[in-house]
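Just so we're aligned: the sequence shown equals residues -28 to -1, 1 to 983 in mature numbering (1 follows the signal peptide of the UniProt record, and there is no 0).
Quick caveat, the hints were computed from the structure, so don't treat them as lab data.
Honestly, I wouldn't trust all of these hints.
Claimed, not checked - 20 Å max Cα-Cα, derived SDA-like pairs, lysine to any residue: (1) K60 with F91; (2) K525 with N549; (3) K332 with G345; (4) K523 with S589; (5) K29 with E15; (6) K106 with H159; (7) K430 with E368; (8) K444 with E469; (9) K165 with S43; (10) K430 with A499; (11) K187 with Q239; (12) K25 with S43; (13) K761 with L788; (14) K510 with F496; (15) K638 with Q606; (16) K60 with S155; (17) K360 with G346; (18) K187 with H224; (19) K23 with G96; (20) K635 with S589; (21) K430 with P473; (22) K336 with F269; (23) K336 with D247.
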Amino acid sequence: MPSMITSIFTHFLHLFHLFSNEFISLQASEFGSYSANFTTCWEIERKALLKFKEGLKDPSGRLSSWVGNYSCTWSGVGCNRKTGHVTKLDLRMPLANSFISIDPTAVNKSIANKTALDFASLQGTMSPSLLDLKYLKYLDLSWNNFEQTPIPNFIGSFTNLEYLDLSHASFSGLVPPHLGNLSNLRHLDISSKFPEQDILVSDNLNWILRLSSLKFLSLSMANLSFASTNWLQAINMLPSLMTLHSSSCGLHDIPTSLPIVNFSSIQVIDLSLNDFDSPLPGWLFNISSLIELELSFIGFSGQIPPYLENLNNMRYLNLDYNDLSGPLPISIGNLSSLKNLYLSSNQLNGTIPETIGQLKKLTKIDLSSNNWGGVVSRIHFLHLNNLKELLLSSVEERSLIFDVTYDWIPPFSLKLISIPYCQMNPKFPIWLQTQKELKIVDLTKVGISGYVHDWFWKMSPQIVFLSLRSNKLCGELPRSLKFQSCSSVDLSFNLFEGPIPLFSGVCTLSLKSNSFSGPIPANFCDAMLNLDTMDLSKNYFNGSIPSSINKLKSLSYLLLENNELSGKIPSMNRLNNLEMLDLSNNNLFGNIPSSLCSQSPLLYLNLNGNNLYGKLSSLRNCTMLGTLGLANNQFHGGIPRWIGETLAHLSILQLQGNMFRGKIPKSLCNLPFLHVMDLGRNNFSGSIPPCLGNLSRLYHSENVTYVSDDAATSLLVSLVAYAYTASGGGVAAAVAITLKFTPFFFGIRHMEFNVKGQALEYVNTIDLVNLIDLSSNNLEGEIPKERMKLSALGTLNLSRNQLTGNIPEEMGDLRLLETLDPSVNHLSGPIPTSMSSMTFLSHLNLSHNDLSGPIPSANQFQTFNNPSIYEGNPKLCGAPLSTNCSPHKNDTPNGYIGKDKDESWSERLWFYIGTTFGFVVGLWAVCGTLVIKRTWRHAYFRFVEEMKDRIYVFIVLKAARLQKKLKGNERSCGYGEGNKFYLFIGLLVLLQNCCLCIHEMCSFYLGGFQL
């Protein structure tokens, strides 16, 4: 038996060996032909990739691995493991994620970023050789530079393609409808992040209808304005769609109702930054699958739907910057999955519902800049244990009360708190001590007062943004404060005092309007070498400006006005980025440093109110200057002619209160942006240049907008919060936004002008001032009519000069003029009646001239009731002066005598002609009838004779009775009764004489006729 088993086993092994050899031979022969076919395919794909590479520039060498025979090992190339065919080509720029940051425009605005982006990007065109990649399923060419070429039509031939990403790749032109051939496509992204690359256009989205498998669609920044009417109908036919990004597409039409929603599986909708300007569509809130809904900056109006129960899966809801009104629905508390809620900058009103406190998963909430009222209490935060960011404010200050005690223990640990303009407990909030992760703190104008606790300042190393602006906080600050790198600190408009501390790590600093005193330390700038903005204005700093300020190479805004600083202006030749310098209202003396504009692009220079002297030649290099304030100093000489030639961007020129002399140079007329020219209180002579009427900025009223100081602060905090959020807590990104909006944040653009008879300070609104002030000089001649073309002029002050002639009749063309003061001159003639049409005129002073004639009484002149504005003009008459205007006054002003005489003589002549003609016609209508009709003539004379007799008898009888009565009461009769008697007799006699006169006239004319 064992031998039999052994024999069978041996036989089996022999058969297995034979079978294995045959199988291996067969497999070897089959694999040989199979391998040969694959080698041919691989070679075709390899050559296709190499030809594609030839059409590209590769500065960073990303494709350096594309050598050798086996393309599946090349960078960015993926192959099927079984077949070896190329199925994936991923050439997305590796640094893309670092550029997907808060402010997309900053990428191209920064030279360093732009250089890095260009260096890392592939550049060139797409070769059609890619069509040989017949098995391609995944194609990602995003974040490269295809140099504004169109998306090639041949991409529509990749029928196996499932993933296509051409975003941010500098494609341009029409989106090819051939993309509709990609029936297997699940992911399509042709978006752009840079506004200047918003050049892809689609006039019809019907090609999308064929992409029935599509799950992800991003069209952001593509121009869909021509497809705006049917875009939603096309997208609604994509049953598998889960994500839609159509931000900034120029869409302006969206239906308020959608009977059937086919994309019922959609989870993400982003329609932000379009211009729908319509009511908020209710159907959006019926899609129960929604997880993210981004509808900010769209122009939606109306109310938030009260029914939000269907949105149980909603995690992210953004309705920022719309025009929504009404209350926030109580049903907001039903969004149990909600993590991020953004409703800022709308018109929402009423009280904030306490159901907010039921959103246990909420991490970020922004309800700022609405019209809230009422109280926010602990109940609103009862279950918000996960809250990290809280932004809450109302447009109307103090209308929203943040009613928690100063020692409250919150259930959350915040990284960001911004509750400006809310009314808080006046004690400094101790509960902030429990917030160990705070990075952004905005308690602007919340009504807190007293001292700031030391524990708060010890939190400064973790702070990136701090605003305690506009409260009543007092006391001295610690000697040194260290903040996180490149932070923003605003302690302005408080009562802090003592020496200024040394700040470390700060990039923007405002200590404006406090009571800090003493000198600015020499080493003050050493710990803030990255400082971008420093505002120490309106304090009590003394001593000189430290020379170490020249180390701040990043400094853009330096504001030290309204202090007690003295000495000379230090050299600033290293401040290469300086754009704004305000040293006004100090005690500085000496010349303006010649190095001031040698390196910096200075735009704003205000040195008003110092003791500076010399000539202006040191400013000749300031070619970018837009605002120049040198008022109330001791400058002398003439205005250099080059100001009107070199400073071509000048919009505000303030030189009043100096010792300038000579003629006003005509070169100033060449400044197209000039809208404020203040040359008052100098020694200018000669005539007013007529060419000043060529100042084109003053031709027409412009829609110049401005952001108020408080609104700008609120906007900045929102942007910083957004920056911080979008970067996942990235400090650098938040600071980038902070620096970008620093000028608005601090409200630093301000100047003082003489308007409406008083000095007024304009903060952040100086672009709205249109002013020409030539007062208190020695100017002579007439007011040029050419100046009356400046229809946008708001203030014209020509007072205290030697001007002569009439006020131009064209003065009435200055319809927007609010202030007119030509007082204390030698002007003569009448006040032009055209000035009655100047409906904006609210301040007028014509005193101390030689004006004459009546004061206009129509329209705006009815409001000028103060006679002092006309005093010193003895020939003026009419209200409000006590001198009445006589119609026969022969002192009519020269220049109008002839006109008035011609008009009055013409009127009298026509009156005489009309009267004579009427008398002749009337007389002959009576007498002519008597001439023709003899019987009427007899009847007439008989009637007249009878009437004469009756009147005579009546008069005699009445006279006798009245005389008798008067004699009977002679003792009681007064002087008035006697007068009445004689008056009565006179009237009777006159009546009789009239009848006799008519009778005699008719008798005269009919004397040749027989009765």
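We went through each hint and held it up to the structure:
1. K60 with F91: violated (24 Å)
2. K525 with N549: Holds: K525 and N549 sit about 7 Å apart, inside 20 Å.
3. K332 with G345: Violated - the C-alpha atoms of G345 and K332 are around 24 Å apart, more than 20 Å.
4. K523 with S589: violated (25 Å)
5. K29 with E15: violated (23 Å)
6. K106 with H159: Holds, because 18 Å separates the two Cα atoms, which is no more than 20 Å.
7. K430 with E368: Outside the cut-off at roughly 33 Å; violated.
8. K444 with E469: holds (12 Å)
9. K165 with S43: Since the Cα atoms of K165 and S43 sit roughly 32 Å apart, the hinted pair is violated (cutoff 20 Å).
10. K430 with A499: With Cα atoms ~18 Å apart, K430 and A499 stay inside 20 Å; holds.
11. K187 with Q239: holds (10 Å)
12. K25 with S43: holds (12 Å)
13. K761 with L788: Cα-Cα ~12 Å, so holds.
14. K510 with F496: Measuring from Cα to Cα gives roughly 18 Å; hence the hint holds.
15. K638 with Q606: violated (23 Å)
16. K60 with S155: holds (18 Å)
17. K360 with G346: violated (24 Å)
18. K187 with H224: violated (24 Å)
19. K23 with G96: Roughly 12 Å between the alpha carbons, so the hint for K23 and G96 holds.
20. K635 with S589: holds (18 Å)
21. K430 with P473: holds (14 Å)
22. K336 with F269: With Cα atoms ~19 Å apart, K336 and F269 stay inside 20 Å; holds.
23. K336 with D247: With Cα atoms ~26 Å apart, K336 and D247 exceed 20 Å; violated.
When held up to the earlier numbered hints, the structure conflicts with 1, 3, 4, 5, 7, 9, 15, 17, 18 and 23 and fits the remainder.
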